[in-house]
Amino acid sequence: MALKPLHDRVLVRRTESEEKTAGGLIIPESAKEKPSEGVVVSTGEGARKDSGELIAMAVSAGDKILFGKWSGTEVTVDGEELLMMKESDIMGIIE
Numbered sequence: 001m002a003l004k005p006l007h008d009r010v011l012v013r014r015t016e017s018e019e020k021t022a023g024g025l026i027i028p029e030s031a032k033e034k035p036s037e038g039v040v041v042s043t044g045e046g047a048r049k050d051s052g053e054l055i056a057m058a059v060s061a062g063d064k065i066l067f068g069k070w071s072g073t074e075v076t077v078d079g080e081e082l083l084m085m086k087e088s089d090i091m092g093i094i095e
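Residues in the sequence shown are numbered consecutively from 1, following our numbering.
Do not rely on the hints blindly, as some may be mistaken.
Taking lysine-lysine and the PhoX-like style, the derived pairs with C-alpha atoms no more than 25 Å apart in a straight line are [unchecked claim]: (1) K64 with K86; (2) K64 with K4; (3) K86 with K4; (4) K86 with K49; (5) K4 with K69; (6) K86 with K69; (7) K49 with K4.
In short, the hints are calculated from the structure, not lab data.
Work out the full structure, taking the sequences as your base and the hints as a guide.
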């Protein structure tokens, strides 16, 4: 099953968090925070102005992004956990 976001929503795959600290300590699974970085899987067409004109999306599939800690809604697609969020929840593109 493929999932195509509507309007100004994006589907994001979280990046894996670090297994060790900079000092070499291993972080147990229970102490890890969910990362606030991810890769855009797919995007909707964009939002529409009141006049009906389409506002293009600033991100596209494959972009590495930074988003807020509590952003998005978790969805499961083909057994994989992804995030669905509005484009406005994205803070920036990591280059």
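Verification of the supplied hints:
1. K64 with K86: holds (15 Å)
2. K64 with K4: Between K64 and K4 the Cα gap is close to 18 Å, so the pair holds against 25 Å.
3. K86 with K4: Since the Cα atoms of K86 and K4 sit roughly 13 Å apart, the hinted pair holds (cutoff 25 Å).
4. K86 with K49: Holds: K86 and K49 sit about 16 Å apart, inside 25 Å.
5. K4 with K69: Roughly 23 Å between the alpha carbons, so the hint for K4 and K69 holds.
6. K86 with K69: holds (14 Å)
7. K49 with K4: Roughly 21 Å separates the two Cα atoms, so the pair holds.
Consistency with the previously given hints is maintained throughout, with no hint failing.
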